[in-house]
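Build out the structure end to end from the sequences listed, making use of the hints.
Note that my numbering gives residue 103 to position 103 of the sequence shown, counting from 1, and the numbers run on in steps of one.
Possibly wrong hints are sitting among the right ones.
What the hints assert, rightly or not - Derived SDA-like pairs (lysine to any residue); straight-line CA-CA distance at most 25 Å:
#	residue 1	residue 2
1	K67	E9
2	K64	D23
3	K101	G65
4	K67	V12
5	K64	G24
6	K67	M54
7	K101	L21
8	K64	R13
9	K101	M54
10	K64	T53
11	K101	L37
12	K101	A22
13	K67	N38
14	K67	D46
15	K67	E31
16	K101	A42
17	K67	R97
18	K64	G94
19	K101	R2
20	K64	A22
21	K67	P44
22	K101	D8
23	K64	M54
24	K101	P55
25	K101	A113
26	K64	D93
27	K101	S32
28	K101	M57
If you are wondering where the hints come from, they were derived from the structure by calculation, not from laboratory data.
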Amino acid sequence: MRILVVDDEPIVREVLGECLLADGHEVSSAESGSEALNRLEANPFDLVITDQTMPGMSGDVLAKGIKARLPSLPVFLLTGLGAQVDAEGHAPDGIDRVLSKPISVAALRQAVASIGPGAPG
1 MRILVVDDEP IVREVLGECL LADGHEVSSA ESGSEALNRL EANPFDLVIT DQTMPGMSGD
61 VLAKGIKARL PSLPVFLLTG LGAQVDAEGH APDGIDRVLS KPISVAALRQ AVASIGPGAP
121 G
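Encoded structure:
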């Protein structure tokens, strides 16, 4: 899959990118919501994984912007508040799945596989 990773922290983009590349995905990254929207204008992606807390544009605002342009593009939110969101039983508008930080490689793989070819839903 072609995956866009959005996070203001370079180390997070690097680690997520390396994990996804090791699984055979094409990975691009953006350090802000506005950069992510620009990349989406220029390139097709199969999935966006975004951090929640970023300067300028939060992950949930980015997700709403993505869904306004590309309603079928899956958006995963990576957040330290993932357990709280899961307990409340709902994700913010525009978010297809909430992933908790820190995320394990196994959890990342499972989440990405959930939208791959042949995935349920």
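Hint-by-hint comparison with the structure:
Straight-line distance between C-alpha atoms of K67 and E9 comes to about 24 Å, which keeps the hinted pair within the 25 Å bound. Only pairs whose Cα atoms come within 25 Å are accepted, and K64 paired with D23 is rejected, the gap being roughly 28 Å. Note on K101 and G65: the hinted pairing holds, with a Cα-Cα distance of about 23 Å set against a maximum of 25 Å. Taken as a hint, the K67 and V12 pair is honoured in the structure, with Cα atoms around 24 Å apart against an allowance of 25 Å.
At most 25 Å may separate the alpha-carbon atoms for a hinted pair to count; K64 and G24 exceed this at roughly 28 Å. Proposed proximity of K67 and M54 is supported: the alpha carbons are some 19 Å apart, at most 25 Å. Restraint check for K101 and L21: satisfied, since their Cα atoms lie roughly 19 Å apart, inside the 25 Å limit. Using a Cα cut-off of 25 Å, the hinted pair K64 and R13 holds, with the two alpha carbons roughly 21 Å apart.
Restraint check: the Cα-Cα separation between K101 and M54 comes to about 14 Å, which is no more than 25 Å; the hinted pair holds. A hinted pair counts as satisfied when its Cα atoms are at most 25 Å apart, and K64 with T53 qualifies at roughly 15 Å. Distance check on the hinted pair: K101 and L37 sit about 23 Å apart at the alpha-carbon level, within 25 Å; holds. Note on K101 and A22: the hinted pairing holds, with a Cα-Cα distance of about 20 Å set against a maximum of 25 Å.
Of the pairs offered as hints, the one joining K67 and N38 holds, with about 14 Å between alpha carbons and a cut-off of 25 Å not exceeded. Restraint check for K67 and D46: satisfied, since their Cα atoms lie roughly 13 Å apart, inside the 25 Å limit. Pair hint K67 plus E31 holds up; C-alpha atoms about 19 Å apart against a cutoff of 25 Å. Between K101 and A42 the alpha-carbon distance is near 29 Å, which puts this suggested pair outside the 25 Å criterion.
Between the alpha carbons of K67 and R97 the distance comes to roughly 14 Å, so the proposed pair stays at or under 25 Å and holds. Pair hint K64 plus G94 holds up; C-alpha atoms about 5 Å apart against a cutoff of 25 Å. At roughly 22 Å between alpha-carbon atoms, K101 and R2 fall within 25 Å of each other, so this suggested pair holds. Of the supplied pair hints, the one linking K64 and A22 is violated, its CA atoms being roughly 29 Å apart against a limit of 25 Å.
Proximity of K67 to P44 is assessed by CA-CA distance (about 14 Å); at most 25 Å being required, the pair is judged to hold. Restraint check for K101 and D8: the C-alpha separation of about 14 Å stays at or below 25 Å, so the hint holds. With a C-alpha separation of about 15 Å, the suggested pair K64 and M54 falls inside the 25 Å cut-off, and the hint holds. For a cut-off of 25 Å, the pair hint linking K101 to P55 stands: about 18 Å separates their Cα positions.
Under the criterion of a C-alpha separation no larger than 25 Å, the hint pairing K101 with A113 is consistent with the structure, at around 18 Å. Restraint check: the Cα-Cα separation between K64 and D93 comes to about 7 Å, which is no more than 25 Å; the hinted pair holds. Restraint check: the Cα-Cα separation between K101 and S32 comes to about 18 Å, which is no more than 25 Å; the hinted pair holds. For the given pair, K101 sits about 19 Å from M57 by alpha-carbon distance, which is consistent with the 25 Å threshold.
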